[in-house]
Structures are given as C-alpha cells and as structure tokens.
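Peer 1: Take the given structure of chain A and dock chains B and C to it, following the hints.
Chains as they are written, first to last, in the UniProt record's numbering: chain A, 1 to 672; chain B, 1 to 672; chain C, 1 to 672.
Be aware that one or more of the hints could be misleading.
[What the hints assert, rightly or not] Cross-link-like lysine to aspartate or glutamate pairs, in silico, EDC-like; alpha carbons within 16 Å at most:
1. 590/A - 623/A
2. 91/A - 158/C
3. 91/B - 195/A
4. 91/B - 158/A
5. 526/C - 281/A
6. 169/A - 95/A
7. 398/C - 451/C
8. 634/B - 527/A
9. 634/C - 560/B
10. 634/A - 560/C
11. 634/C - 270/B
12. 468/A - 495/A
[Said to hold, decoys possible] Per the computed footprint, the stretches of chain C lying under chain A, defined by three or more beta-carbons under 8 Å from a beta-carbon of chain A, are:
13. 201-209
14. 408-421
15. 608-616
I should point out that these hints are in silico values taken from the structure, not numbers from a laboratory. By construction, the Cβ of each residue, glycine as well, lies at the ideal position given by its N, Cα and C atoms.
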Amino acid sequence: MKQTPFTTFLFGGDWNPEQWPKEIWLKDMQILSNAQINEATINVFSWAQLQSSEDDYDFSTLDEIVRLLTQYNFHIVLATSTGALPAWMAKKYSDVARTDFYGRHHRYGERHNACPNSPTFQKYSARLAGKLAERYGYLECVVCWHISNEYGGACYCEHCAKAFRVWLKNKYRTLDALNEAWYTHFWGHTFYDWDEIVPPNDLGDAIGEDHTTLSGLSVDYRRFSSDSLLNNLISEKEAIRRFDPVTPITTNMMGTYKGLDYFKWAKELDIVSWDSYPAYDTPASLIAMKHDLMRGLKNGRPFMLMEQTPSQQNWQPYNAVKQPGQMRELSYQAIAHGADTIQYFQLRQSRGGTEKFHSAVISHADHDATRILRETAQLGQELAAYGTQFMNGQTKAKVAIIFDWDNYWAFEYSSGPNVELKYVDQVHRYYAALYRENVAVDMIPTDLTADDLGKYDLVIAPVLMMVKPGVTDTIEKFVTGGGTFVTTFLSGISDEHDNVIMGGYPGPFRKLCGIWAEEIDALPPKENVNLLFSDHAVSGSIVANISHLEGAQALAVYEDNVFYKGAPVVSVNSFGQGKAYYIGTVLDEKGMDLFVDRLIEERHLPHYPAPKGVEITVRSYDDYQLYFVINNTKEMRNMDTSRFEGKINLLNGAPISSQTILRPYDVLIVRD
Amino acid sequence: MKQTPFTTFLFGGDWNPEQWPKEIWLKDMQILSNAQINEATINVFSWAQLQSSEDDYDFSTLDEIVRLLTQYNFHIVLATSTGALPAWMAKKYSDVARTDFYGRHHRYGERHNACPNSPTFQKYSARLAGKLAERYGYLECVVCWHISNEYGGACYCEHCAKAFRVWLKNKYRTLDALNEAWYTHFWGHTFYDWDEIVPPNDLGDAIGEDHTTLSGLSVDYRRFSSDSLLNNLISEKEAIRRFDPVTPITTNMMGTYKGLDYFKWAKELDIVSWDSYPAYDTPASLIAMKHDLMRGLKNGRPFMLMEQTPSQQNWQPYNAVKQPGQMRELSYQAIAHGADTIQYFQLRQSRGGTEKFHSAVISHADHDATRILRETAQLGQELAAYGTQFMNGQTKAKVAIIFDWDNYWAFEYSSGPNVELKYVDQVHRYYAALYRENVAVDMIPTDLTADDLGKYDLVIAPVLMMVKPGVTDTIEKFVTGGGTFVTTFLSGISDEHDNVIMGGYPGPFRKLCGIWAEEIDALPPKENVNLLFSDHAVSGSIVANISHLEGAQALAVYEDNVFYKGAPVVSVNSFGQGKAYYIGTVLDEKGMDLFVDRLIEERHLPHYPAPKGVEITVRSYDDYQLYFVINNTKEMRNMDTSRFEGKINLLNGAPISSQTILRPYDVLIVRD
Amino acid sequence: MKQTPFTTFLFGGDWNPEQWPKEIWLKDMQILSNAQINEATINVFSWAQLQSSEDDYDFSTLDEIVRLLTQYNFHIVLATSTGALPAWMAKKYSDVARTDFYGRHHRYGERHNACPNSPTFQKYSARLAGKLAERYGYLECVVCWHISNEYGGACYCEHCAKAFRVWLKNKYRTLDALNEAWYTHFWGHTFYDWDEIVPPNDLGDAIGEDHTTLSGLSVDYRRFSSDSLLNNLISEKEAIRRFDPVTPITTNMMGTYKGLDYFKWAKELDIVSWDSYPAYDTPASLIAMKHDLMRGLKNGRPFMLMEQTPSQQNWQPYNAVKQPGQMRELSYQAIAHGADTIQYFQLRQSRGGTEKFHSAVISHADHDATRILRETAQLGQELAAYGTQFMNGQTKAKVAIIFDWDNYWAFEYSSGPNVELKYVDQVHRYYAALYRENVAVDMIPTDLTADDLGKYDLVIAPVLMMVKPGVTDTIEKFVTGGGTFVTTFLSGISDEHDNVIMGGYPGPFRKLCGIWAEEIDALPPKENVNLLFSDHAVSGSIVANISHLEGAQALAVYEDNVFYKGAPVVSVNSFGQGKAYYIGTVLDEKGMDLFVDRLIEERHLPHYPAPKGVEITVRSYDDYQLYFVINNTKEMRNMDTSRFEGKINLLNGAPISSQTILRPYDVLIVRD
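With the rest of the complex left out, here is chain A (with noise of 0.2 Å):
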C-alpha cells in the first residue's frame, strides 16, 4: 500500500552551497556520494540572494546548484526560501517586519521575521514561490517543496490586527456573538464596534506572557495566527500548483510546537514533514510521541524527518554530542514510529552565524575522516540495502491519545488551579506509561467520527478541558460500541470558547465517567498526596480532584488524612459496552503503571515487555513487519529475544537467538 510519494528512501539534509566558494561544491558531492546520501534540501534561505530588489531575480547560482545535484543524482527537496526576508524589503516595506508581544515594530533581523499579514510580504513570497516552479517543478530530480521554513511566532501589528477583525467578523458575524463568547461582560470588556477589538498583545488584554484577560479572544488570537501563517503557505502553494500540478508539498514542522495548529495545516500539505531536536535529556518516550503525533497529522501516514542534527545542537544550554550509535538509533526510532526519510540539518557546517557550532554531515574538519561521516556512512549503507522496506509502513495501534491544539492553548491560558500544569507534559504522563510497555499509540485530533474511532480499542483524552462541539458524542458513541475511554481531572471543563460547561465537572463526561467532581484541589510543590491504588501505595501531584461517584467504581482512593480521605480518584464506570476510566490527579509513575497494566489485561492490548529503556515498535506492511527493537540508552542491555527466535535481523542477516545482548544504542530490525 503506497502512502508515501517517493520511491526512493531520502537519505540527505540541508545544503546551503550559497555559503560558500564552488570548489566546495564539489568536495561535498564526493564526500556526500560516497556516504550514500542520495538528497539535497536547497534554497533555504536564499531570499535575498535571488531576489536583489523589487524586480530584480538572479537564478544562476541556483541553476548551478540544481544542475551539479543532477550531475550526481542527488534528489532535491526544494525550499521557496521565504522563511526569511531580504534586508531590502525590510527598509523599503516597513510592514513586512513583524510587531511583537511587547508592542515593539521590529527592524530587521534573525528569521521567521515576516508579519504573514503584511501586503508586501505576501506579495512577493507568493511571486517567488511561483517563479521558482515555473522554472524547477518540471525536473525530475525535484521530488519535493518545502515551503517557507520552521513556520511559527507571531505579529501583533495593525495589518494583523485588521485581520484579525475580518477573521473574527467571518467567524462571529455579530459583535453580540462575539460579545457571549469571549464572555466580555467580565472585567467590563463589552465591545461596540469591531474596531475597539486590539491584538492580545502585552499592551492588550495579555497578563504577562502566558495569561490573559479573555481566554477566547487570546485562544482566537491563536487560531487567527496560525490561519495567517497557514494562508502564506496556500498562498505559495497556489503559486506552485499553477505550473506544477504534481510534485508533493510540504513544510518541515516542529513536534508539539504550540504555535500552529498542525492537525490543520497537515489537511493542507502533501506529506507531512518534521524537524527532530531532541535534548541531551529528552526521554525517548516524548521523541516517540511526538514522531507519533506527526504520523498522525495525516492519519497515520509517513513522514518525513526533515532534520536532525548528526551529533550536537548549539542553541540549547548544553548541547551534548550524540554517543557513537546515538544518531543511528534515533534515525531508526523515527522510521520505527512512520520516517520515510532520514535528512540533516545541515550537510555542511556553516563557517559563521548564530549556528555555527550546529554539527553537520561534513564539519568544519572539512574532509570525511570524522566519527560523524563513519556513522553517516553506515546508516547511508543501512538505508541503501533495506531502505525501501522501511518506506510505506503502517502503525496499527490499538490505543489513541487526543491532542488537541485548541486545548492546548486553552489549557496553558488557564490562570490557575496550579502553574505547574502544562499540556505537553501531561499527555506525555499517558504515553510515556504505555511507551514503557511498548504498547502502539495514535496520537489523534478531536474531530474524529465514531467510525474513526472504531479501530481502536482505548481512547485517553488527558487534560482535554475544551470540549468542542461533537466531541462528547463520538466519544459516547465509541464507549457505548465497547471502547474504553480515560480522562483526567481539568477534562470536560469548558466549550469552544473556553467558557465553563455548566452543571458540574467533569461538564460533557460527567455521564459518562459516572463521576462528580466537586473540586480540584492545587498541591503546591513536595505536597503530594498518598493514594491506595488497587493494594498499592502510590502519589498524586500537582492537583487532586475531590468527587463523588455517581455509578463509577473507586479504583484508588486517598489515603492522607487530609479533608478529603477516601474519596475516589482514580475510578471506572460502565457505560453501553464500554468503560470510561477517569483520574483525578497527576499519578506518579508507579501508578500510571499500574493503570496501563490494568487497561493491558482489560483490553488485551498488544504489548512487549523488554528491558528498562528498550523500545519494540512494530511496523506492518502488506506481506510483511518489521519489529524494531532499539536500545535508546548508552548501557548494555540483555534481553529475552525468544518470541523472535531463528528470525532474521535485517540489519546483518543474522538470525536471532533467544537471548541477545543489545550493545549501547543498539538495533535490530526483525522482519517477520
């Protein structure tokens, strides 16, 4: 079944010759070649180099770089370029700079510097993408666009700011809808006139940068931005698709990077691509997650990795080095989890900018006798034999986790219960305890059908305290056909607006979950709460709900002699066919084990226990699987590999025994 649309496996990364003298050109097509790399993202950040002024376009060096990329068989993945203004455009179109949270016209510099409502800019980022498909998007070689670059920020300009009132004027009609939604009669904030609405800015209705006045005007303010930025790629998009009707469209996104709605923009783009840069201390869990979430954007289809670095980062406080065997290990767990590529930033290391400490393919050692070009090489030989066994894999999980960006936003607005609840973290609590038993998940969006729904036999929406509008009943229809759905304390508190959903939380699943929860008390730091969970002693943090049972059944109750000992917090209720599981505090981990154990038996879920830090993740394909065991630590592990025993590892050709040591960062590919 074919899902992705390259027939080869894209092996490369960024290249930006334009850094540099043409003799070099050269040297990297041999040093580049002979590591197998196969393909080339250009023309990144070549804006100001192609287009010198209003009217003035210069593609030769492009020419050039296209032609010795074809010369060597390079596949090219094609930026338009835009993901950064020219210096000229800045000085003479004051509008395309952006206006930030504190109210402040920028001048110009860095990049994402574009106000994505500025005329100018949309102008002339739509001509250029045009012209660079009138006169690339009919070569072969150009088996991609990767429109703009690492879209994100925002603007709170006038420009934006008019936009915004169209946007809301579109979305609202009457100022007397909008008035009940953002719930304006608070603080006195009544709206007579569309022009009286000011971007939520730090001189608006922000409350510093994390807060605000009107939750539903800010969490707009987040939608409007994110359409804005989504309009700049329709609109390069559109200027593609007039001479180049076929070649896949993307942008390299960025996990679960709060500022784009990606469940929206991926409805836009061809194939969804990812930028992966994991931390010296990002557990492997949450860079699984969130290779899950990009999988998910366009409903389990592969992905691109656009970029990874080949050892170290230069922009985190410590940028580590990756272990020999690291790099390969992560290439791997994002196959694992839906890569079709595995492409770095960048394949030569710049000599200046802020990245220049940023690792490449080639370093600044400028030859190919480096540990980074030896891995490189190995992976490239790895990707060369079985790559296109790795390509068009499917993830067939059992188990969806919602993420939803709307929440997300809503959720981080929140001025209290307590400051330590973040989005991100608290479904990654979820993922991480079934991660840990190598159980498949989906990371999926809210607007889903029931039949959606239907392959799966689990569904755990944590922390969704929005609930949109059709929510409540997929979710109802899923449970009552038999599945079985987990939430969360600050689950079901509000609607699309972020306005209360009265009568009682948990507001829509309060039937559902048979549960009542009266309060949510906020633990401040080290004040955990002790809990009896099925016999065993386990901690709640951060928050704990004080409810009352209406139909559910306790599963855990408080033990601490505070106020609220004994009532239920973790608890199950019957409902149709199906069960609806519903938590009332931050479990540590021994109690989120003890609840995925629990939803394992109940549910039978296919899972494979293997040593602490070791990831199995399987990949279907039609005639085939591939069972991708990875040691994602920098220890040895030993580990029983009897259920694969007498099969072949695809990455030697040797066959396993029941018991295999897994050296540092070790994988093997099990093809069965």
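Peer 2: Just chains B and C now, with coordinates in the frame of chain A:
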C-alpha cells in the same frame, strides 16, 4: 458605642448577574437566601454596559438587578464600575490608557487600566458616579458605595508628567527647594526648569523596577501616584455626595499593598474595607497583621471584609482549596480583628474570563449541594444569630507598631546594604512574635501625637528609616512619659526627602536609644551571626550593626569571632520615665521570643498563652468582651481553657470546660 | 626608572563638595588632612552646575573648591564632568539621550546616559573640557585630568546607526567584503545597500542579550561602540590639549568590563586608572588578575587605583563591610600589582542619591572617630612614610596570559556548545592556578610581536577562539624560539570576523599543538568527566574535547566509560625549541594545580610557596625589590619566612624572623 454604619451584619459579596441570563438571577436569589446571605456587591465591572458611547447611558439592567435584590431583601453595596474602562473609550480617547513603567502606552485591556490624570477618564468616571448616585442613592437597600475597585498601579504618560510638575510646584514652590530636597547635585541632576522633570520610569531615573537614582524623586512620584488615584476617588465621591449625602462610601483596599498610602486614603473614606487573599502558605500572623492595619487606618474603627474567597483563588501559583472549616476560621479571625462584615468574591463563579477557576459561593456545579455552600450556610446561620453581637467591638491594644508608606517606599528604594530587606517582612517579624503570645497590637501611622500614643505601653518602629518632621518629638515625649519604645537597625537614617540625617545612626533616635550605630554590616545568605542574649544563644541575619553604647545597656552582644565580637546588638536605654530598646540585627525566632517575653514581663502586657497555632483575640464592647479562640491549624489542639471555665461558647451555647479539644480550624467565641 | 607622572604618592579620592554647604568643606579639609590625605578628585558630576544652558557657564563654585584644595596643599585630579548629562540638555536636545538595547529612546536619568554619536553631546562635552583646561590646566596642583567617568554602555539610535555605517564603510570599503566578513548568506541576510544595516539590538539581529544572528555584525557593533565612546574621550582630550599640553590624562576603567577594548583605549591615555570594587566573595586572585590586566594595558606601567571603597558598597546584593585591616590589605595588594596611587570613592559619603549607603572616608557620622577614618589614617601615615618607595616599580613576570576583547565578545556571543562558558571565568582559572603558587603574571594583548613575547617563558591563551591575523605567526615564533605555549579547547576556531578557520580544530594552532580536536562535547551540570593526569584522578567539566594526537604526547586521558575513554585531554607537543600544551576540558582545581606544577618545574618559573590565602608579590625597582607578603584571609596564618630572615619589614621597621604569624589581613613589605 456605634462605630459601624450598618445595623445588620452584612454577609454577602460580589455578584455579577450581568454575566448571566436572567433565569440564573432568580436561582441565585434562592440559593443565596437559603444560605442566609443578605448582601450583594454589584456593578463592579459594568461601565461598558452602562455607557455604550459618550452620551448613551442605559441603566435598565442595573435597575432590574436592584429591583430583584430589593425584592429578596438584600442589602446592596453599590460599586461605581470605574475600575475598568470601556473599550470604546480607549479606542476613541487614547489618553485614558496608561503608559507603563517601561514607557509603553497601552491600548486596551485588563482592568486597573485608566490613567488617573486623563482628562477623559476624570470627566466620565465622575459623571458615571453622579448618575448612579442620582438614580440609586436614595434607596434604603443601598447601604454603601464602593468606588472603583482595588485601586492600584501607576501611569507614566505625559498627562501624568504634567500633573506631577504641578504637584511638585505645590509642594516645593521653588526649584531650589526641589533641588535641595532631591539632592540633585548627585550625578549632576540639577533642574533649571520644571519641565525638565520626567517621571522616574525605566526611560528616566529608575534603576530597574526596585531602585532609583534619586530617592526623593521616586518617593515623590509614589506619593503623587497615590494622590492621583485618590483624587479620582475624591472626584467620584464628590459626584456621589451631590445626590446622596449620607450613604457611607468606601473602596476596597489590599492590606499592605505598596502603591497607595492607605492612611491618607482612609481619611477620605467613611469606612475602610479590604480584600483578604492569603496564599496557601501565608502565616496566620500576617493575615492578622493586615486586619490590624486595616483597622488602624481609621484609628481602630471596624472595617468591612469586602472580599475573601470561599475556597480557592486562581491567580496564585498554587491555588489550594480551603480545608473544611478554614473559610469559617478565617472569617472569625477577620471579625476578631475588627471586621463587621464578611463578604466574598464572588457569589457566583464566572463561566469565562481569567478568574473562571476562582471559587465562588455558587460554583460551576450550579446548585447548592456543595461543600462550599454547606460551609457558607453554616457561617450564615451563625452570623444571622450572633452577627450583631460581633459588631462595633473595639480592640484595646497596649502595643502599637508603626507602619508608614513613605518609609515603605524609601526603604525599598534603598540600594544596599542587603537585597533581602523588605519592609513588610521586617514589620511582620515583630508582629508575629507578639502574635505568638497573643498580645493585641494596633498598627499605627507616624502622624500621631504623644497624646495619641498615651494609651500604649509599647510602641515599636521596625526599620523606620525615614523619620518625618515631628516624629522624634512625639516618640521622645511618649518615652519621657513612661512609654517603652523599640526600634531597629536602619531606623532613624533619613528625613522626609530620604536625605540622611547627619551625625551618626540612628540619627534622631540616637539620644533616645543611647547608642551609636557606627556601621551596618550586610550578611550574605547563610552567613548568620551568633549572639548571646540573656544567656541564650540566638542568631542574627541579613544585617549586623556595629554599635557603641552611649548610655544604653547591652542585652545581647555578638559572640562570633568576627571583628565585632562583644559589640552590643540588643540594648536598652532609660529615657525619662521610659525606656528605648534598639535591635541591631534581624533576630531569629528564638531571639524575637526572648525579646517579646521581656517586654511582656516588663510592661505586664496582656497576653494569652495558647498551644502553637491557636490565636486568642479579644474584642471589647460596651457591656461585654468576646474572646475569639481560633485554631489556625489543620491539626487538633488540646488547650487549657481553665481561664474560660464555665463561660459560654457563643457559637454552640455550651459551657467551656477547663480543657478543650480544638478540632482543625475550630473556633470558640467566649462571651464574658 | 620613572614611569609614573606623579612625584607624590597620591592618597585621596572623589570629593563632591558641590553636594554640601561650604561649612562642611572646611571640616573635610581638616579631617582629611589629618588622615594624610593629599589628593582630591573633583568635578566628576558637575556638568549641570557648571553649565545651566547653552551659553551660560559658571565656574565660581569650582573656583572656590580649587582654591580651598590649593590652600590645603591637595593635589587635584580634575574630572571633566561629562559622565552625566544636564537635564536641560536632554530636554532641549533629545539626541543626547540613548536608545537602549530594547529599542527605547530614553528621556533623562541616571548617568552614562549620553549617546556617543549625538552631535549635541559631542559639541558640548568637548567645549566643556576645553573651558576647564583653559581655566585650570595651568595650575600646579592639577596633577591629572579625569575625562568623563566609567565610560560604558551602548546606544542604538539613528545617529549611531548612521555612524556605524560610516565606520563599516571605512573598514570594509565594499558591501561584498562586508557580506563575506559577516557571512550574510546565512539566514538570507545579504546586504545590497549600507542603509539596510541596522544596529543589532533586540529589534534587529540580537538573539536575546547574549546571542546574535551574525557574530560578525554584533562583534563589529561592539568594536564600533567601544570606538564611539573612545572618540568622545579623544575629542575631550584634544580640547584639553589645546590649553594644557602636559598634564597627564586618564579615564577610570573597570577591570574586565566587557564593553570597551581597554587595550585600544589605553593607547589614548597617559596613565591608566581603574576602579576596583570586589564583592564580599570575589576571590583575591580575581582582584589581582584585574590589577595585572590594568598594568598590562600600558605594557607594565604603573596605574592609578582611582576608586575603591573604604568599606562597603551599596549596589551589590550583599554589601558587607570590609573587615578591620582588609581595606589596607586590598590597598597594598593594588600597590604590589602596580598601583602608584590609592584613591577612594569617596571622601565624604553622600546624604542622598542611590549611593547614600556606599561608604566613604567621612561617613554620615560626620566626624573622624570612626573605624574607617582610623584605618584610613594608618594607611595614610604609611603611605606618607613609604609611598615614594612603592612608586615606579616593575613586575618582572615570566608568564603572560592573553586577554583579548574581540575574543571576549565573539566567545560570549557564541551559541553553544555550553551556556556556562564565560570568558573571564575561563581566563581566571589559569590565572588563579598560577596565583596559588605566587607566580607573577602579565596580562597581554594579542597584538604583540614575537620580540615582545621574548621576555616570557610561558604564554597562556585560554579559550582564544578568535585568532586575528598575525597571532599564529607570533606565537609560533615564540615557541620555535624556546617558549612554552598553553592553549585550550575552543581556541583557534575563528578568524577576526568570527568565521571558522576550516580544516579541523584548533585551526591555526593545530600544527603547533600537534593535535586535532575532532569534537567538542558539552557536559551538562554535574556530569563531569574523570581524567587520569600524571597518575592522579582529576575531573573535567563544561566541555570535553575528543581529540587525536598528531605528534603531541598525551599527559592526561579520559578515564570514564563514555565513548571517548582513553582519548587525550591534556597534551604537549614539541615545536622548534619550545613546547605547546593543549588542554581539552575545564580542569578542576587539582588538575590545574598539577598542570601549573609541571610548568613551574619545567620552566623554573619564579614562585613563592606560602600558606593558603597568602599572596607574595614582588615589585622591582632600580636598586631594590619589594616583597609584598599579604594575608588575604580573615584568619591567622603561620608562615615560614626564612627566605626573608633578618630583612626588614618596611611597615614597622622590624626584622623578619624565620617564622612569622600573619594576623588576619596582615601585610609585610620586605625590602631587599
């Protein structure tokens, strides 16, 4: 002795029906009436609803609200709604918005958002207050005016700059006087024209948010800002008085809030009211101190507890719920210290806006079967039964602690000697030590006469750095007449312009205290200094004075092998019939307790030994006294109550035994 | 050999009589004269008093001050007062104020507040300097000019932007050269017109306060800012020289202050002076290093200690008083390292202004019976007796450490590999290890010739990331000729534009050091790496190079079971007649001591073993040497002084025994 303008014990709080459909209003009336709630504070944030443009006022909704409340026999505290600007006004008249400390003119948002010197704001706020008074002032049920809401903040716009210059001309008359007062020859700041003076924000003479080039300038800007907002209040008050000459007028204050000189403000109010919002870890003594400060604002007259939360807040980092009984306990603590009303923010919890997680009497559950409502109703019953007995009490303190906003500002603008010196903290350390022994305290300003002080045995002036004209005389007379005075390091440093009083610290108190503090060492964190105090080893921190006795007797000396070993650190000087103590460091709790024990013994101060965490506070009436025995802890306390044996606990009618078990947050009120 | 322009040992400091009534002036003269104070630095912040409008100058007060000082035989250091603007000028000519890093144009306040490229400021500052020189330059008692005060900070206004473009044109001639130097193809920054270049502040290419998009741009702006302020100095200097061709000219510097390239500045000064303000926890070695740096600015010539505090400061978080003897100890430490004056800020403590808690010779006690005055007078007597013997000494160091402001800027703008890398800290670690063994050190710039280096046995270049043209040659010649060179990780990375020198780290030092540093790992906090160094276990932190020997010999290797176990981390390479050491991590103190011991032994470096915390510093004169033996601690030290046995302690005339008890902060000065 009637001191309170109310004949009923007001039990109610903020009610914002304009946020709700009318069917909810009736429901609220029923639930609230059942809980014995008899008061509603309304119209706090309705400006935008009342006035939709320059000349369009619509009071119909407010009429309905008033009518409904009247029908249900509610007392009304009527706010003027001027605490948050209408958006249309900010759009049309940008002068109404503030320019912030960072020099940025705001557009529209939040609340507390009006420039106090904006002509537009001044015009429309007074006009609205007048219209409200004209329309509702005559009503019996309107028992109090509530002007604006939680006045605070500051503006640095050109209107303020101009008004500041006028304020300065009135104060100094000549630039010579101003240059002298501000010590402008420092860093070459001599002013030759009033227009050269700019507000001391981050674009002016501020050194970060906490410090300043010229203390005189910045303290004056604090005074001016406090006066500017006070002028707003006076202007609304005058508008009200044109139509309603009798209904008492208040505004809700905020305890030790730094921005406003509440002693000055209180002179313009008929009754003091304040909003008490302790965090989960605020010590009971600090809450008590703030109540006493609020009582002190009008020389001991009872105050309104205008706002407290029934359970949790939303804007703290950790918004813990109040434990069972804790809200009642905090309410009685307020009454014990002088509150003659108990009011909540708010009666119904908002569905939206930044405070949606702030608890209210009626929660999002939207019914009365909640713990909050049960506890509210219990308190309501008690207040209905005994409320009037609590009212019009007096606190007969023999001890006074000076609290002075000018000093607050000057002290915290000081650069050096130690960044950890905070005014409220230093004052609270003395208050807390007395509180631990249940010694009643009045919080007093500096502008009292020796006669005013005559009723006290003991006056304490912690870190009274700025000594304004007349203060030394008053205190010397008080001591001469037999009073005991206590002061500390960093007292007696500067005059009303924060210019140092020459001749050796503690300047004007040097003779009185019989000591010369030659040096004030700053102790870094964890570098405490050991003392020997009445044969006990205690420690000092933050600062350590190196002093010379000039007639005083040393009570404690440094023990450490630093150069100041043996130097006096606690001393007492006989002066006239009285004594003056001087404390040269920040004593630890043990040191403070030893010191307070000495004062109690020496002055036979009334005090009430009790178990740790149990407060005993006495309120006196014409014919009786009430002893409030309050367990401030969430633990049981076993208490010797033999002093009350046989007397009646007002709250349950039962006689007191010689030993009493106080449950967590338990309260006894013994009438004697 | 006369190196100092003064014939008297100047003992005095800042005196601001314009802050005081005239009766105080006389009192000061008496108290100060009694303490043997013989110098006053005046007119530091009097601009607003001297010039009340464009054309109104009034020198009458300054005349009186000069007359009085002359009468009391004081030497005068005459400041030009241009370190703080008059308010009238800021009001009338807004170009004199600065635009800050955040893009905000300031109004008026603080000091260091003039835009260096403001035409108004340039005109009036030079005019004032000229007028002062004309009026006072001829006076015998005026022994030194003190231009402005503690130059520093930066401006980002349009005047600066324009001046920056001129500066850039002068430097680069063509935009092609600039684009190449700044590596502008990175993030599409190609410039086509000089006017497109904007200052790299927060509205431009800065990435926070610490980082930048283009290092070349930001380092150039640092150079330009340093030059702009230097042009202000030169302009005042030239105005002075028109009337006073001989009196030496200085400005007071600030040690390792980052903003100004003091090596470049010193060329414009007749004598270096600086202000030493250690915090309570500043190590003695860091104070010493700064003295040595100041001495190094003019190639070893003595400097003025223009400011130190007699006791406490006010602007640190914790402003501890100086212990008894500590001020004297710090004064002799300054002299030992090259100070030929001892001056205080200030002679009389201000009554107001932000520095009112900054100690002074005459404190707020306003008399001379203070510890500070006793200690000042003791020092004054000693300086009166022996001061001229201290003057014109030389430090004969065999060791030099390179300190380079260009590198300071480039190194700290680097994004990655580890946020904990700070330039002064890294340099100080080498200095401190030598200091612990009392090895004399010169701090040197990079623009020396091999001849200049000839007098050293050892040259150390810690983290010399930026290697400017000629530096490698000079160092190679030095080593070829028998010198020992030491450098570290992150040295030899980039050229004068901060573009990487290709071919493998440490680039230009690779051949010299015989090593290739393939990778630079970043170690997170607490993840140190263990080494084996000459059979001792030591540890490294922050970064860990993974290197390959290319002729060098490993002295220490990694011991940890990480992938780089066994890789060389300390190595030495023979090169010509000399040796080059390369250190690939941040060694712990034990590691540094082992390394320095090896260097001492190998190069027979003069060193003076002493108890911990005791410094021995030698200053050499034509006919004699002085050994300054200084107990930097507040504890007693028992010291073997047999090397000085029988010689005389200059300060008390007593002969030295073989064993000496040094009291806390004790000082011996042995003349030999």
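Peer 1: Confirm or reject each hint.
Peer 2: Okay, the hints, checked on the actual structure:
no., hint, result
1, 590/A - 623/A, "violated, 39 Å"
2, 91/A - 158/C, "holds, 14 Å"
3, 91/B - 195/A, "holds, 8 Å"
4, 91/B - 158/A, "holds, 14 Å"
5, 526/C - 281/A, "holds, 13 Å"
6, 169/A - 95/A, "violated, 23 Å"
7, 398/C - 451/C, "holds, 14 Å"
8, 634/B - 527/A, "holds, 14 Å"
9, 634/C - 560/B, "holds, 13 Å"
10, 634/A - 560/C, "holds, 13 Å"
11, 634/C - 270/B, "violated, 60 Å"
12, 468/A - 495/A, "holds, 6 Å"
13, 201-209, "holds (count 6)"
14, 408-421, "holds (count 6)"
15, 608-616, "violated (count 0)"
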